[in-house]
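Residue numbers (the numbering used here), protein chains in the order written: chain A, 1 to 583; chain B, 1 to 583; chain C, 1 to 284; chain D, 1 to 284.
Some clues are possibly wrong.
Listed next, the in silico DSS-like pairs over lysine-lysine satisfying Cα-Cα at most 25 Å (straight line) [claimed, not checked]:
id: 1; chain 1: D; residue 1: Lys279; chain 2: A; residue 2: Lys201
id: 2; chain 1: A; residue 1: Lys42; chain 2: B; residue 2: Lys434
id: 3; chain 1: C; residue 1: Lys257; chain 2: B; residue 2: Lys42
id: 4; chain 1: C; residue 1: Lys275; chain 2: B; residue 2: Lys202
id: 5; chain 1: D; residue 1: Lys163; chain 2: A; residue 2: Lys201
id: 6; chain 1: C; residue 1: Lys257; chain 2: B; residue 2: Lys201
id: 7; chain 1: B; residue 1: Lys201; chain 2: A; residue 2: Lys434
id: 8; chain 1: B; residue 1: Lys168; chain 2: C; residue 2: Lys279
id: 9; chain 1: D; residue 1: Lys163; chain 2: C; residue 2: Lys257
id: 10; chain 1: B; residue 1: Lys201; chain 2: B; residue 2: Lys181
id: 11; chain 1: D; residue 1: Lys140; chain 2: C; residue 2: Lys140
id: 12; chain 1: D; residue 1: Lys140; chain 2: B; residue 2: Lys42
id: 13; chain 1: C; residue 1: Lys275; chain 2: B; residue 2: Lys434
id: 14; chain 1: C; residue 1: Lys279; chain 2: B; residue 2: Lys202
id: 15; chain 1: B; residue 1: Lys168; chain 2: D; residue 2: Lys140
id: 16; chain 1: B; residue 1: Lys391; chain 2: C; residue 2: Lys275
id: 17; chain 1: D; residue 1: Lys163; chain 2: A; residue 2: Lys434
id: 18; chain 1: A; residue 1: Lys202; chain 2: D; residue 2: Lys275
id: 19; chain 1: C; residue 1: Lys140; chain 2: A; residue 2: Lys168
id: 20; chain 1: D; residue 1: Lys279; chain 2: A; residue 2: Lys168
id: 21; chain 1: D; residue 1: Lys279; chain 2: A; residue 2: Lys42
id: 22; chain 1: B; residue 1: Lys201; chain 2: C; residue 2: Lys21
id: 23; chain 1: A; residue 1: Lys202; chain 2: D; residue 2: Lys279
id: 24; chain 1: C; residue 1: Lys140; chain 2: A; residue 2: Lys42
id: 25; chain 1: C; residue 1: Lys163; chain 2: D; residue 2: Lys257
id: 26; chain 1: D; residue 1: Lys275; chain 2: A; residue 2: Lys391
Worth flagging that the hints you see were computed from the coordinates, not collected in a lab.
Residue-level listing of the chains:
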Amino acid sequence: MSTTRKSVSIVIAGSGGTGAITAGSTLLAAAARDGHYGLMTKLSGAQVRGGEAAALIEIGRSGIDGPIEAQPDRFDALIALDWENIQRFAPEIPLDGDSVVLSDPKAGPVPAVIAATGARILEVAFGALAGSVEGGRINMVGFGVAARLAGLDETAIEAAIRAQIGAKGEKAVAASLAAAKVGAEALAALGVSMALSPGEKKARWMCSGNDAVGLGALRGGIEFVAAYPITPATEITEWLAVEMQEHGGRVVLAEDEIAAINMCCGAAYAGVPTMTITSGPGLALKVETLGLAIAAELPMVVVDVMRVGPSTGIPTKSDQGDLDIALHGTPGDAPRVVLAPISIADCAATTERAVHVAEALQTPVMLLSDQSLGQTQTIIDIPRTRPAPLKRLVEPAVTGPDFRRYALTESGVSPMPAPGNPGTQWVADGLSHKESGHPSNAAVDHIAQMKKRLRKLETFDWGDTWGEVHGPADATLALIAFGSTVGPAAEAARRLTEAGTPTRVVALRLIAPLQKNRLAEALAGTARVVVVEQNASGQLFRHLLGERALGPGAESFARPGPAPFRAAEIVAHLTAETREAAE
Amino acid sequence: MSTTRKSVSIVIAGSGGTGAITAGSTLLAAAARDGHYGLMTKLSGAQVRGGEAAALIEIGRSGIDGPIEAQPDRFDALIALDWENIQRFAPEIPLDGDSVVLSDPKAGPVPAVIAATGARILEVAFGALAGSVEGGRINMVGFGVAARLAGLDETAIEAAIRAQIGAKGEKAVAASLAAAKVGAEALAALGVSMALSPGEKKARWMCSGNDAVGLGALRGGIEFVAAYPITPATEITEWLAVEMQEHGGRVVLAEDEIAAINMCCGAAYAGVPTMTITSGPGLALKVETLGLAIAAELPMVVVDVMRVGPSTGIPTKSDQGDLDIALHGTPGDAPRVVLAPISIADCAATTERAVHVAEALQTPVMLLSDQSLGQTQTIIDIPRTRPAPLKRLVEPAVTGPDFRRYALTESGVSPMPAPGNPGTQWVADGLSHKESGHPSNAAVDHIAQMKKRLRKLETFDWGDTWGEVHGPADATLALIAFGSTVGPAAEAARRLTEAGTPTRVVALRLIAPLQKNRLAEALAGTARVVVVEQNASGQLFRHLLGERALGPGAESFARPGPAPFRAAEIVAHLTAETREAAE
Amino acid sequence: MTIHEAPHVCPQQALTLKDFKSSVEPIWCSGCGDFGVLQALQRALAELGRPPHEVVVVSGIGCSSRLPAYTTAYGFHGVHGRALPVATGLKLARPDLEVITVGGDGDGYSIGGNHFLHACRRNVDITYIVMDNRVYGMTKGQPSPTTEADWDSDAAPGGTGVKPFSPLAIALAAGANFVARGFALDVKPLAAVIAEAVRHPGFSFVEVLSPCITFRPEEMEWKKTIERNAVTATTDRTEATAKVLGANEMTTGIFFKGDRGAYASAPTGHGDAEKIAEKFVVGA
Amino acid sequence: MTIHEAPHVCPQQALTLKDFKSSVEPIWCSGCGDFGVLQALQRALAELGRPPHEVVVVSGIGCSSRLPAYTTAYGFHGVHGRALPVATGLKLARPDLEVITVGGDGDGYSIGGNHFLHACRRNVDITYIVMDNRVYGMTKGQPSPTTEADWDSDAAPGGTGVKPFSPLAIALAAGANFVARGFALDVKPLAAVIAEAVRHPGFSFVEVLSPCITFRPEEMEWKKTIERNAVTATTDRTEATAKVLGANEMTTGIFFKGDRGAYASAPTGHGDAEKIAEKFVVGA
Ligand SMILES: Cc1ncc(C[n+]2csc(CCOP(=O)(O)OP(=O)(O)O)c2C)c(N)n1
Ligand SMILES: Cc1ncc(C[n+]2csc(CCOP(=O)(O)OP(=O)(O)O)c2C)c(N)n1
Ligand code: SF4
Ligand code: SF4
Ligand SMILES: [Mg+2]
Ligand SMILES: [Mg+2]
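Whenever a hint applies, use it, and build me the whole structure from the sequences.
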């Protein structure tokens, strides 16, 4: 237990008010400053506030495999600041005989569910140690234990404490530093270490996917946001509301989700790049107007941070069950763009791209994120490439009475001058219409406009938006995944490849319109294709089948939330001898 | 032009206020009384009221092929009461060299678009003839012309006039009889006849699909209806509101579609069979709550009478583009029942079945009708079989603290006692829940309840609900269709069979959960399978592919509204030599 | 057991608050005003004397909307903002039940505003209790339609700049038949108002000031600023509106008791559907 | 041409009604009150002097909502009931434009009721004209929230039994800054009210009694029962409410002119997103 390692996974847990999450964030911040990657998932109890909480953290891997994009299979250490309600979290904190549990005997006996894992139990007198420091809090003692366990350096620790706690004043910083120090010393006295091999110190990003979506929106040029709060998407709205204070632009808190998307319709018509932000139940309320935006050709980005459904479901947990409604949730045929970021890092660029595409194609673009991408805190490389900007076509070919807003162009994109321009007055309409925009019941007009809207999406040069392929050229197994499932699938592929089955991950970013050729290329040469996704019915799998994008032997591995996907689960599924016949 | 025929197709058209539709309805009523089947489609202009109108009618076929279930390929006769705006309707009134046009030279020259069809133009002085009768109206002259052209008998004509106009008093009846008589005489003088071979006089139904859905609802036991008006579904709500006056039960006009389905949730919870009624845009607004009803296991029937989308589209025209949203339009995985009547006659039984299934499985049932089924008036055989009633499971296994509303039974159906019963208080919840109904974030509870809800649908004995097969046992070609497309597909199959390609129609009624085995049986032996549907993207085709219910060579023939499917179009598509490769 | 009739079980003895207390532990933050509303409701129900199984408590989504599971009555925890239509359907389908609707200011006045308007107008015999904490608690602190224009939050830094509206004034304008304001921590008087609201025919609306200790801790000051029962009920809508608009917004008490008849219950019983089917028959 | 700035073209000569008349032929039944409203709006716009390309007319779905295409202004014919949020987004994104919202009683008070409430509260500088015919015309005659309780129709045989509400009272309660009632067939006075509504800052609401000749032919009698301009505007909300509740529901005129400041327009211009991106950077 004392060799250096490429990563270490640590849980810090405690009851309401203990500050386990703050301790976790500080650990992540310290790891970043010490040159490591990292990933932190927050768990909290059913109570709105003040309930028990746990920070699930993995740090390390710098200079080895790149950023950490999936929860670990197991945790090396559990730092239990106390034991209140820990059993609720137990299924999400896999421990084993190689794990250590650090707890305060004063907090009571180790719960059976934890003891049963076989983890080694070590005692740390969190309470007494915190009491030994002026203003000391047990969470910072826990932080000190964790930081020393991971072998993080002093400067990084101090910098992280200053970054996290500095706003509370020098006294609080001093107390935290002191508490961390007694924690570190107590750990040292126990003689355990899981010290990381040295990290590569360089500038990285520390953010969540929700933050990154916000940044992508601003980079893309979003100026008007209308939204109604909903977990786990609210943070994007809040991030934008705060940042737009300085940056310019506006966030309107709408009375409901329907109002929000209709406000976006108004802003889009007015000539302004616009976005609305929601999660499943809110998306359901938007689909009527989404159809209007498609029919009237109004650009906007509709962000859906997926959570466990159906209905209210489990608002704080991740799932990928909104793909169906994102693809098909409007009455009538309304072909659309559905983009999903393939990692937290990709959230910024894909959102930026979504804004460009919406503007260029004058159509709503669905951006499918999920709770796991959105709310996980991560340390990642700074994304260096950004999508090339695209603009709305506003210059009309003719003005005056012959101006036709919905002219049947070859590209399917017609000029969309904004109000204020003389001679191009037009009426946006959800009724079937002629090129002029005037309502028409005639089959010939209806079908011409339907085809035009499809043509826009089909003839657009999607470049490399479609997705990414990772893994060996000689792969025999291909895993197709999207969103937060890409991370664990990629980790599983790495392991399978190491274990002798060269495995590739095809990360789909442009889910619709599906780029079948690119997908076919990506699958070329593989003998087995498995679609991995976090929902009950295999929604991506069905979509790909429906588009005839999969061979007859393709398999589905679909499993709903709330439990996160871990690489081990995917590997186990793929290597199980008694797999049920693909069906 | 004077031999008797198995059917005759006649259009009666006129400008606002002329009464073309009344004339058409009277013709249909007379045909019914003379022993014929019939079908009448109404066309009207863009104006809300008072615009031009046309009644497109086919009558006959009694004792030959059974009821008429598709619009004819062409019309034998156009009775133009005047020419106002007829060009708007022209694409929907195919005429050819064998057609006759009966018009009044006083109404102006025959429009070019009509003349160009090559139809034979005959003159009838509608105005003068109407003027020759005290209180005579030209529409009834037109009716007289049409009735004589079809060779309907005097008694039937008189009975029809009495049935349609009787309420207006004996004077109006007398005037109509006289007007019809002068019309008939004028026709006789022209020496044309398209007299039908004698019909088999017996009791039949004359109704629309919307009426039949209303009847099915009452037969099924619906007691509470909440709806918000929307074309082309409003008539069901209005029919029920009127009939429930005597029958008992209540229709509530909700403030919007969301309120309507939530009212149904309340009624369902209260123990009462309930229904909501809408069309595409309204369905879009209901999908959030549909997810709640699925998650909380609340029985209800959700009727969607499809119209042309996306968005407001063409409200008065038919399309089958809501299948996607009906199947997939909720966030999260929410397995559901989607039923579609396969003919106007089937609307009653399938609606009744929908109520039973909803109650038995404690789940919403989507009933997908369409404008064509809903608003077409028809004369059909009286349906003789009705589905066996099924009831809600209300008797709890245990009462008191151990009562579990969502007990994990083998069938997936758990007892649902209504409020008022002591000892079984439970809370309906859209949050993921335990067997008790209490919220739970645990994966084990969430997944157990997901599986239970799926199990209900999968283990239920669907009997023959899945669909019907028509056509020869040795068919080499199978057409799969649903809703109003079944009629024209069946007619096309008859013709193809006659022409030497034995063709079968597989009419899918239970679209989800798909009964793959039954479908496979139905397709057995055929070499070619084509899915025919009235939407742009082949939604049924994609659904069947997604469920792996089709072989690799299956083809899609999808074409959106607003133009109705005609058998000739389907035959042409199937026999075209240069079909594009199936894709 | 049939699904339609409520077998009215005569309580052997008077009901108490405890008869309405369930074993489910509230997820509310300790100190949340909603505890007071829950107690007041339980007290009122006990006083009203209908046994728990004849009562249905309906809600939407929000901290406050978690209430139904905390009573022993039948309950419905629906989707966000739609409690009133659920309650409407329930009551119209089963007029024999006592239907209480509860929720928050976000649930009832933001997303649910239309149903609030129309429930007032329709005047079905249900009672609606809103736990107004002037914030979306469940989603961690965004401004609602009753939040002060200058209340600072991440979602609206510096405040929305939008004046809150008065739900009481809106209820009066839309036709509610009983309009009152209560305070969550005044449990007994609140219980009395709720009981009276339930007894009053038609749509009864009780707005309850219920502090959110977590996101609006300053609301704990309401204890001091409340003007207790400083109003007397009138039967005149115009007068009541003037009182609402004129009074301090911390004034509790019953503002209005109207005399509109409740929305009529449906004709019951089934006719013979086959008689109706005969209307389709021609040519017989 | 950029998409943001409205090149304000100074009209060479005064605008007239004709400048706002499009070549699209209305689908309205001849005799429909909405023709009068269209004319009054065109007149008002001419009087206001903004050229058609600086005006946007927004609507939902219904007979009345067909209006935008009948003017030469920019227009938005959205989905049913959502005109006000569209107008809100439009105006907030482009404060330089004149935004007029129109629709029917079904669109605005039934399905759109929540947006009506919140538009009044939010007080964005737009004008809302409702053509109230007390019926859903487009769907062929069902009762709306302003329909008399006893009006018979297939959808509600014998009437809904529900008292109509007063949209003016609701607008006042919810915070509208200008509240008036007009009559469709009094074109000139209506035009004057509309022009004043547009000039008034914040959310201005003009309820127009507009007969549906087809489904409510009896409404043609309104010509006789209208009480023309029988009210004087007040700046006091309570007084205005009393006037609305007290007055004959056929009284036209301006009831209320408030002094709330309109919802503020957004900070314009773009900061540098890369400055914000730097906040993500650690370990540098
Ligand atoms: C359709 C939908 N939109 C948004 C949400 C997210 N959401 C849950 S509760 C809530 C607001 C709750 O506020 P309030 O009703 O005042 O209740 P409180 O928590 O303050 O008691 C919101 C916006 C949701 N669950 N569903
Ligand atoms: C979501 C949705 N629900 C219902 C409809 C059907 N619909 C169209 S217009 C209308 C009512 C129109 O009434 P009103 O707004 O008063 O306008 P009017 O026709 O009377 O001018 C309805 C219910 C629709 N188009 N969309
Ligand atoms: S967040 Fe506020 S409203 Fe919600 S439980 Fe806590 S104190 Fe109550
Ligand atoms: S139906 Fe009524 S509201 Fe509609 S256009 Fe005709 S008269 Fe006007
Ligand atoms: Mg609240
Ligand atoms: Mg109307």
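Right, here's what the structure says about each hint:
no. : hint                : result
1   : D:Lys279 / A:Lys201 : holds (18 Å)
2   : A:Lys42 / B:Lys434  : holds (23 Å)
3   : C:Lys257 / B:Lys42  : violated (52 Å)
4   : C:Lys275 / B:Lys202 : holds (19 Å)
5   : D:Lys163 / A:Lys201 : violated (72 Å)
6   : C:Lys257 / B:Lys201 : violated (64 Å)
7   : B:Lys201 / A:Lys434 : violated (48 Å)
8   : B:Lys168 / C:Lys279 : holds (19 Å)
9   : D:Lys163 / C:Lys257 : holds (17 Å)
10  : B:Lys201 / B:Lys181 : holds (23 Å)
11  : D:Lys140 / C:Lys140 : violated (45 Å)
12  : D:Lys140 / B:Lys42  : holds (16 Å)
13  : C:Lys275 / B:Lys434 : violated (45 Å)
14  : C:Lys279 / B:Lys202 : holds (15 Å)
15  : B:Lys168 / D:Lys140 : holds (22 Å)
16  : B:Lys391 / C:Lys275 : holds (23 Å)
17  : D:Lys163 / A:Lys434 : violated (42 Å)
18  : A:Lys202 / D:Lys275 : holds (19 Å)
19  : C:Lys140 / A:Lys168 : holds (22 Å)
20  : D:Lys279 / A:Lys168 : holds (19 Å)
21  : D:Lys279 / A:Lys42  : holds (21 Å)
22  : B:Lys201 / C:Lys21  : violated (69 Å)
23  : A:Lys202 / D:Lys279 : holds (15 Å)
24  : C:Lys140 / A:Lys42  : holds (16 Å)
25  : C:Lys163 / D:Lys257 : holds (17 Å)
26  : D:Lys275 / A:Lys391 : holds (23 Å)
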